[in-house]
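Each protein sequence line maps, in turn, to chains G and F. Numbered per this note's numbering, the first sequence finishes at 452, counting up by one with no gaps. Numbered per this note's numbering, the second sequence finishes at 482, counting up by one with no gaps.
Keep in mind the hints are simulated off the structure, nothing from the lab. Model, not experiment: these values are computed from the prediction. Glycine is no exception: its CB is placed at the ideal position from the N, C-alpha and C atoms. Check before you lean on any hint, since a few could be wrong.
Now the stretches of chain F that chain G is said to cover, found in silico as 3 or more residues with beta-carbon under 8 Å [said to hold, decoys possible]:
#1 217-226
#2 417-426
Simulated DEER-style distance windows between Cβ atoms [to be verified]:
#3 G:D151 with F:A303: 31 to 41 Å
#4 G:F289 with F:L238: 30 to 40 Å
#5 G:S86 with F:G458: 24 to 34 Å
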Amino acid sequence: MSQSNSQSSDPVAVSVDLSRAAEQALEIARQQGMDQAEVSVHQGTGVSITARQQALETIEKHNDAQFVISVYKDHKTGSASSADLSEQGLRDTVAAAVSIATFTGADDCFGLADANRMATDLSDLDLYHPWQATESELVDMALACEQAALDGGDRISNSEGASISTYSGNAVYANSHGFMSDSRGSQHSISCSVIGESQGNMQRDYWYDSQRNPQKLASPESIGQRTAERTLARLGAKQIKSQTATVMYDPMMAKSLFSHLIGGLKGGAIYKKASFLLDQLEKSIFPEFVTVSEHPHLMGESGSARHDGEGVATPSSRNIIESGVLTSWVLGSYTARKLGLESTANAGGVRNLRISDTGQSFDDCLGQMKTGLLVTELIGSGINMVTGDYSRGASGFWVEGGEIQFPVEEITIAGNLTDMYKNIAAIGADTDTRGNTHCGSIVIENMTIAGL
Amino acid sequence: MPSDHFTTAQATLLDPTGLSEAHLNQFMQKLTNVHGCDFADLYFQYAKHESWSLDEGKVKTGSFNIDRGVGLRSVVGEKTAFAYSEDLNPAAILNAADVVSAIGRQGQNVSPDRAWQVRQHAPLYKGLDPVAQMPDAQKIAILEKADQMARAKDSRVKEVMASLAGVYEVILIVSSDGRQIPDVRPLIRLNVSVIVEQDGKRERGSMGGGGRFSFDYFDDQMIEHYAHEAVRQALVSLEAIDSPAGTMEVVLGAGWPGILLHEAVGHGLEGDFNRKGTSAFSGRIGEQVASPLCTVVDDGTLADRRGSLSVDDEGNQTQNTVLIEKGILRGYMQDEHNARLMGMERTGNGRRESFAHLPMPRMTNTYMYGGEHEPEEIIKSVKKGLYAVNFGGGQVDITSGKFVFSSSEAYLIEDGKVTAPVKGATLIGNGPEAMQTISMLGNDMQLDSGVGVCGKDGQSVPVGVGQPTLKMDALTVGGVQL
Numbered sequence: 001m002s003q004s005n006s007q008s009s010d011p012v013a014v015s016v017d018l019s020r021a022a023e024q025a026l027e028i029a030r031q032q033g034m035d036q037a038e039v040s041v042h043q044g045t046g047v048s049i050t051a052r053q054q055a056l057e058t059i060e061k062h063n064d065a066q067f068v069i070s071v072y073k074d075h076k077t078g079s080a081s082s083a084d085l086s087e088q089g090l091r092d093t094v095a096a097a098v099s100i101a102t103f104t105g106a107d108d109c110f111g112l113a114d115a116n117r118m119a120t121d122l123s124d125l126d127l128y129h130p131w132q133a134t135e136s137e138l139v140d141m142a143l144a145c146e147q148a149a150l151d152g153g154d155r156i157s158n159s160e161g162a163s164i165s166t167y168s169g170n171a172v173y174a175n176s177h178g179f180m181s182d183s184r185g186s187q188h189s190i191s192c193s194v195i196g197e198s199q200g201n202m203q204r205d206y207w208y209d210s211q212r213n214p215q216k217l218a219s220p221e222s223i224g225q226r227t228a229e230r231t232l233a234r235l236g237a238k239q240i241k242s243q244t245a246t247v248m249y250d251p252m253m254a255k256s257l258f259s260h261l262i263g264g265l266k267g268g269a270i271y272k273k274a275s276f277l278l279d280q281l282e283k284s285i286f287p288e289f290v291t292v293s294e295h296p297h298l299m300g301e302s303g304s305a306r307h308d309g310e311g312v313a314t315p316s317s318r319n320i321i322e323s324g325v326l327t328s329w330v331l332g333s334y335t336a337r338k339l340g341l342e343s344t345a346n347a348g349g350v351r352n353l354r355i356s357d358t359g360q361s362f363d364d365c366l367g368q369m370k371t372g373l374l375v376t377e378l379i380g381s382g383i384n385m386v387t388g389d390y391s392r393g394a395s396g397f398w399v400e401g402g403e404i405q406f407p408v409e410e411i412t413i414a415g416n417l418t419d420m421y422k423n424i425a426a427i428g429a430d431t432d433t434r435g436n437t438h439c440g441s442i443v444i445e446n447m448t449i450a451g452l
Numbered sequence: 001m002p003s004d005h006f007t008t009a010q011a012t013l014l015d016p017t018g019l020s021e022a023h024l025n026q027f028m029q030k031l032t033n034v035h036g037c038d039f040a041d042l043y044f045q046y047a048k049h050e051s052w053s054l055d056e057g058k059v060k061t062g063s064f065n066i067d068r069g070v071g072l073r074s075v076v077g078e079k080t081a082f083a084y085s086e087d088l089n090p091a092a093i094l095n096a097a098d099v100v101s102a103i104g105r106q107g108q109n110v111s112p113d114r115a116w117q118v119r120q121h122a123p124l125y126k127g128l129d130p131v132a133q134m135p136d137a138q139k140i141a142i143l144e145k146a147d148q149m150a151r152a153k154d155s156r157v158k159e160v161m162a163s164l165a166g167v168y169e170v171i172l173i174v175s176s177d178g179r180q181i182p183d184v185r186p187l188i189r190l191n192v193s194v195i196v197e198q199d200g201k202r203e204r205g206s207m208g209g210g211g212r213f214s215f216d217y218f219d220d221q222m223i224e225h226y227a228h229e230a231v232r233q234a235l236v237s238l239e240a241i242d243s244p245a246g247t248m249e250v251v252l253g254a255g256w257p258g259i260l261l262h263e264a265v266g267h268g269l270e271g272d273f274n275r276k277g278t279s280a281f282s283g284r285i286g287e288q289v290a291s292p293l294c295t296v297v298d299d300g301t302l303a304d305r306r307g308s309l310s311v312d313d314e315g316n317q318t319q320n321t322v323l324i325e326k327g328i329l330r331g332y333m334q335d336e337h338n339a340r341l342m343g344m345e346r347t348g349n350g351r352r353e354s355f356a357h358l359p360m361p362r363m364t365n366t367y368m369y370g371g372e373h374e375p376e377e378i379i380k381s382v383k384k385g386l387y388a389v390n391f392g393g394g395q396v397d398i399t400s401g402k403f404v405f406s407s408s409e410a411y412l413i414e415d416g417k418v419t420a421p422v423k424g425a426t427l428i429g430n431g432p433e434a435m436q437t438i439s440m441l442g443n444d445m446q447l448d449s450g451v452g453v454c455g456k457d458g459q460s461v462p463v464g465v466g467q468p469t470l471k472m473d474a475l476t477v478g479g480v481q482l
């Protein structure tokens with residue numbers, strides 16, 4: 001496992017024609033007497049490299065294929081999946097789905113999305129940028145990233161290493177309306193995690209970047225440096241007293257608040273009456289300055305797509321929260337029919353979620369909070385989606401006079417999401433632009449901290 | 001019979017593509033023809049998954065998946081090269097072996113052909129295929145019963161969601177030391193969850209279980225038990241008041257609350273973190289890391305349990321490993337790679353999600369032995385505190401030792417009596433410190449019902465936990481009521 005190897009990490013040529021496999025599967029389903037069917041096929045390749053303590057630790061090569069079919073017959077459905085894209089594999093998988101559809105219960109809401117909603121514009125969204133670096137170049141980058149973190153000072157005592165991963169693939173979605181779309185995509189990331197030590201106590205922190213285009217990745221050195229800074233800042237952390245306080249989520253943590261929001265707006269949670277947002281449509285659930293929107297057609301962004309997971313054309317943008325008011329659920333065709341509504345083209349989730357800001361910098365947000373807790377890490381999943389009750393482990397920094405005072409750990413922050421959304425006092429312009437949700441720091445008043 | 005597993009593995013994994021011992025020798029020569037190779041293995045796996053789910057009184061969806069593939073690994077010192085193939089034809093596997101050996105610097109010596117030895121350890125569960133064994137109509141009937149039983153419990157039950165899942169896996173591990181180790185692993189699970197409503201207020205409750213056996217396990221009595229528990233928990237939650245916030249005495253119930261041990265000590269005692277020195281428990285063998293009442297083990301040898309394995313995913317026999325004995329740290333959980341590098345014994349804890357993932361040290365069934373007290377005595381000893389009996393998930397920061405786990409059913413204890421139910425809250429502590437505050441253990445040690453899933457580095461594996469009722473003198477409770 002020397003580092004002198006120079007194989008390219010290009011994705012291998014697609015060995016199976018995915019479109020042909022999709023067409024074959026739909027034809028098999030038709031021959032089996034199914035009313036409708038839909039197929040997703042993807043194939044991709046990648047490499048993951050980890051270096052630790054300035055030596056290569058692991059190289060993993062990925063080469064995946066997966067085929068998923070759903071069939072519909074007399075308003076019953078079944079689905080099956082397999083990695084075997086051979087003709088026999090397709091036949092066996094379709095047969096398994098057909099068999100399931102004979103046992104499930106009928107529901108008029110099952111079926112493909114309506115034919116008139118299928119996307120017609122399938123033009124490219126600039127999502128495919130395979131990384132042209134050789135493996136040894138990737139190893140060198142991981143080593144440089146970790147070195148930059150280890151150079152962070154004497155108190156950096158150990159390392160969990162730096163990792164680089166790259167993945168490129170093709171995906172086809174097709175259904176028995178005659179719709180077919182073929183798309184390519186890539187995703188690359190660099191991450192680093194190191195350990196600091198002072199007075200016998202250890203702290204770990206990490207930093208990362210993830211992009212579709214490797215040219216846009218932050219430099220390995222900058223990731224390493226940021227990792228070291230974050231780790232060192234946590235040394236000497238202590239518990240604080242239980243109290244009611246203002247809490248500021250840093251941009252990376254703030255995203256989680258919108259993941260809970262979208263979870264509560266999904267059609268499945270609504271028709272099963274399992275969401276804390278059940279009766280909130282058309283109501284004001286955030287302050288007026290908050291707008292939450294999705295933008296599926298942005299060029300080169302991680303969530304971009306011309307159609308959703310059922311072929312339904314995505315809009316170029318739409319608001320979900322408009323000036324604080326909840327304007328729409330998040331629906332695919334099944335849940336839309338259950339609710340007597342139209343699909344919002346969200347089969348598979350929301351795409352490129354953007355949160356409006358109130359213009360402040362990170363420091364301005366601290367200043368506005370004056371006294372309170374800056375949260376930089378959350379652990380655990382203490383959220384009841386039926387009631388909105390929220391209680392999670394947190395660590396971060398105590399802030400007074402708008403200035404960071406000392407690191408804090410081993411506390412929880414708690415409230416109810418309904419109140420927390422209403423109590424947002426500011427959303428910073430210090431937007432974290434990685435991933436599907438982009439958001440700045442968020443200041444929330446009146447949360448309960450449990451500690452000493 | 002032991003030899004049956006090898007016959008099954010051969011028929012499922014090797015015969016369909018004509019893989020012979022000569023092929024295995026050819027693959028192994030490629031994998032070990034790497035300068036300084038310590039060991040190498042091939043992990044052949046066939047996995048069949050089936051699941052059904054019900055809501056609105058109907059089984060609406062079902063899904064079926066078959067995965068088949070082989071993972072190939074070569075290890076030199078601290079370095080690992082890994083590739084896998086979903087195609088079991090000799091040419092495709094040889095290609096993957098080439099990828100692995102190309103990552104390494106090729107050596108000069110071609111190892112001699114191995115005299116393969118089949119090693120079959122005594123199975124801890126029957127090698128049955130739960131998916132094939134029960135007709136689909138009967139699986140549907142299990143879910144429909146769960147729905148009817150839950151709805152019949154109380155008119156406030158508004159929605160019932162239930163899911164049934166079965167897995168059948170056939171494994172063959174081919175190791176560079178010449179062993180071929182088969183295993184055949186069934187795994188089933190049933191979950192029932194309900195939404196109840198009263199005066200416009202809604203709550204949820206859920207219960208489930210399973211293990212390594214056939215779907216016959218879910219007889220009427222068991223389904224009734226799950227339905228009853230799910231409804232009971234949801235109705236209790238309807239009455240719940242705000243949970244207290246702050247550090248207080250906490251009594252944890254027996255069984256599933258053992259998630260405490262999984263988070264507070266289990267992960268921190270996995271060999272990889274300790275080899276690297278990144279765990280709050282690193283270098284502390286022989287030290288007092290818990291109260292003298294505590295003896296904690298990881299035991300992969302319990303018959304039919306969800307977390308059990310006859311052999312781990314590197315072909316090593318699982319065992320009952322003492323992690324903490326009367327409060328003293330005794331040992332770590334090890335896989336092949338980390339045991340070798342640390343000069344310690346393997347403990348049969350090498351596990352992987354699938355052939356497409358690298359193995360690492362993972363827990364099996366982690367539990368604490370029981371103590372002397374009646375559970376009532378423990379409650380009686382608390383002036384003001386929390387009694388938590390059901391939990392959702394948990395998480396731990398290995399390095400700082402901070403762990404959380406979130407309660408879904410808890411009550412206040414006032415003057416030695418269990419009083420009002422309180423809303424779920426996250427409990428947070430520091431592993432080695434929190435374990436020192438355990439001051440009473442019940443005589444009611446219990447294992448969980450068989451639904452645990454553990455995630456680490458993006459890989460999920462089934463696990464079990466267990467503990468007696470126990471009291472912690474000081475733990476932070478993350479409620480909203482100051």
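Each hint, compared with the structure:
Given a C-beta distance limit of less than 8 Å, the hint that chain G covers the region 217-226 of chain F is violated, as 0 residues qualify and 3 are needed. Coverage of the region 417-426 of chain F by chain G holds [criterion: at least 3 residues with CB-CB distance below 8 Å; count 4]. In this structure the hint that G:D151 and F:A303 lie 31 to 41 Å apart at CB is violated, the actual value being about 53 Å. Look at G:F289 against F:L238: about 35 Å separates their beta carbons, and that is inside 30 to 40 Å.
Restraint check, G:S86 to F:G458: a C-beta distance of roughly 28 Å satisfies the suggested window 24 to 34 Å.
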